[in-house]
Amino acid sequence: MHEAVEVRLTVNDETRALRIEPRETLADVLRDRLSLTGTKVSCDAQVCGACTVLVDGLAVSSCTFLAADADGRSVRTVEGLASGGRLSPVQQAFIDYAAFQCGFCTPGMLMAATAILEEHPRPTREQVVRGLEGNLCRCTGYDPIIVAVLAAAVSDGSDGEAGS
Amino acid sequence: MKRITTRPAPPAPIGESVPRRDGPAKVTGSATYTVDVGLPGMAHAQVLRSPYPHAQIRSIDTRAARLHPGVIAVVTADDLPDVNLIYGHAVADHPLIATGKVRFVGEPVVGIVAEDRVTAAEAVQLVTVDYEPLPFVTSVDVALTGDAPVIHDAPGEQRSHRGFEEDIERAHPNVCSHARQAWGDIDAAFEGAHLVLEGEYRYPMCYAYAMEPYTAVATWNEGALTVWSSAQHPYMVRADLAQCFGLPLGAVRVQVPYVGGGYGSKSYTKIEPLTAALALRAGRPVRLALTVEEAILTTRGDAATVRLRSAFDAHGHLLGREGTILLDTGAYAENSPLVGRKAANRLGGPYRIPALRVDCSTVYTNTAPASSFRGFGAPQVTLAGESQMDEAAERLGLDPLEIRRRNVLDPGERPWPKARGIDADLKADLELAAEALGWSEPLQAGHGRAICLSASDAGSEPITTALLRVHADGSVTVMAGSTEIGQGSSTVLPQIAAGEMGVPLDRVHLLQSDTGSVSYDRSTGASRTTTLMGLAIQAAARDARAQLVAWADEAIATDGEEVVEEPGGVRVGRRSYDWGAIVRAWFSADAGEVIGRGYLRRSGATAEMPPFWEIGCVGVEVRVDEETGEIDVVRLVTVGDVGAAINPQLVESQDIGAAMMGLGMATREELIYDNGSLLNGNLFDYRVPRTTDLPELRTVVVERGDGVGVYGAKGGGEGSLNPVAAAIANATYRAAGIRLREAPFTPERVWQALRERDAGR
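Protein chains in written order, with my numbering: chain A, 652 to 815; chain B, 71 to 831.
Hint data in this document are derived by calculation from the structure and do not stem from the laboratory.
Source: prediction; values computed, not measured.
For glycine and all other residues, C-beta sits at the position ideal for the given N, C-alpha and C.
It is possible that some hints are incorrect.
Unchecked claim - Selected chain A positions facing chain B (in silico; Cβ < 10 Å): (1) 665; (2) 668; (3) 672; (4) 673; (5) 695; (6) 747; (7) 771; (8) 783; (9) 792.
Here chain A stands alone, though its shape is the one from the complex (with noise of 0.2 Å):
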């Protein structure tokens, strides 16, 4: 056993103060500790994305992302996109287009799509497609994810194209 360090992460817009273990990756936390299950783990190695959340707005692998470092930080999961229950526009767009089957990636992938857009509001195929290359599917071939993220850029409020 390892001495136990104090951290306050800001988890979809909620601030929590917790006592974990330095080893604890931030999945293990969101996972284990706050309950925050729609944080899939797979690979566990940084290699398919699916426990992919955002700190700071930036993409990462909360499976070998160590908890501790995002002492202080903001994380948004799956869990926050939805606001005053209403779907985030990527969410919608996802049922929408049928970019998902067993549903795995998806938090992942969601959270990736989040990112991309956030970065540019209306992207171009090649960077929807480049930006998610580090996100796997095994069910959909990819074509129906890169369909909806396109879609949802056009339907966030901004006159972009599909591009499609």
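Following the hints, put chain B in place on chain A, whose structure we already have.
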């Protein structure tokens, strides 16, 4: 997506691309998977695995692990004298934990239960096992030689789901099973041939990579066992658990929440017996959640070596096909005997063949067990069969499409004497693929195109039941033993129920995959759910409606008026009554329900086997980089011939996913063993397709109403994978003049073939 529809319109919402039912849960993170199931007092397990491919276990010292703080139970085979340790639905050869011997690197040897995962992992490090290494074999070719190490000293007991012939003697102790498909006079076919082609083709050992690794949670209460599992076939798992623990079927409850991908890799029993045994010894609920590295060592696909000879006449008509297939089944039989049976059936292809003889053996090696994987033998054998169709076309000066037109089975024609006739118009499918691919358009230099076909005897067996309950408010609950593995069953099955009952879709709720509360379904695989569970739900709806009409006659039409059925209810005289009103009238209360039952077996429309043919029709255009050997698939065409698309958007999405999975296996994916160990058993080294590998897609969904299912539906979702490797191989030949016979077609292999081509010039 292009839709070709010639069937009559079914009642809405059948045939509509309604949004997926699991959408809101899956996009908000609230969808529950097995790894999210937590129980009060639940402990966590870790497994110590064999570092040797083949070894005798001399002794296991668990004392230090048992003393480690936080450890609840340390379990070896010796700690389970009250459990039947050996399971297997085809061949009973698989110990749930090593019994005296290990047969592959990664085999479970000790299970440890602790308060948390990390403590259990620490305790794993404290166990010492004394192994006596034995000679091992990791290749099928070596496994069948005279002095090869024998992996199973005695053959395992054959079980009812074996799928292979029992009367054929094992040619070698490492042969696990044997299947033969044969008809006609094969010797005469080859004697009279104008052209005989012969070749050996290899398909790699692949990993399905369902992103959710195998996970199970088990708990015992008053002698009954409850298991949550990431299993595709909960009823099959129930049968194995009942056998292992000597329980009646009814005392075992297997529940399957959302499953994070299956593709066949979660068919049949995996870690459930071990998890239940650990929970039994721990006296606590236990979760065993594997890592991806452990999942790779749990189940993989069957690697295949296929030797095929094809005889043609001068006009390109097939006269005969003769083949042998060797499947590398790994250390345990798992479902490979059934894969072998299907591979033997599928090698001929969807063609009119006067004579055929195929022998398929599954062979034990000291590698991770192989089992079902999307396509189920078809991708392996289609590479051989379809490569030779293109080769014959070239030798005879025919267009590759034309040689297929001349041989392809007509609708209704039987591939072999006792099989169901082909329930598809394959000639028309070929033309659709050609049109979408741009078959007759000029090709750039270095590019090539190909179109390939497959037809799989799919659907497994029609052993399926469903319950449909209509409540006092007219809403409906459907209870089905089929699993939502991502394919969309939780959307499609309610669509069928809503259409059959004439009620709005939002009035239909579905309970699935819980052996304790819903009725029996054999399995969720072989593309059978929409077709077979769809029929069972239709039957249950008809049964419910018939009862409701009788109740209306009894409780509403009390003056002898005529009761006329209409969508969503009945009309009695001038008044309409919905189903709920009939339930209330019959019970004379604002309460009660009617229960409709649907049973499916080998009878009536589903008497003939297979229940349906699953069609694969895929076209590709490739560009071959002569410098690097890289094959770039620039265009991919799928023709989803599904009879009737209950939800066209979901059909398209299955086809794209299947084809992309096929593309990965054709170009990159291969598990590689070296010196008894898996070299690339992780996601760094085993590379699956990414967004950047996506070609231009053109999808066609064809609905001719020719399937056995509701409104002419038949299965999809595997078909568009099966011909992909063959199509890429044939297109590469047309692009670069090299004939690839060993998948995956990696840049190294392609580059080598290009050099050999140049040397031969």
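So, going through the hints one by one against the coordinates:
no., hint, verdict
1, 665, "violated (15 Å)"
2, 668, "violated (22 Å)"
3, 672, "holds (9 Å)"
4, 673, "violated (12 Å)"
5, 695, "holds (6 Å)"
6, 747, "holds (7 Å)"
7, 771, "violated (15 Å)"
8, 783, "holds (5 Å)"
9, 792, "holds (4 Å)"
In summary, the numbered hints that this structure violates are 1, 2, 4, 7.
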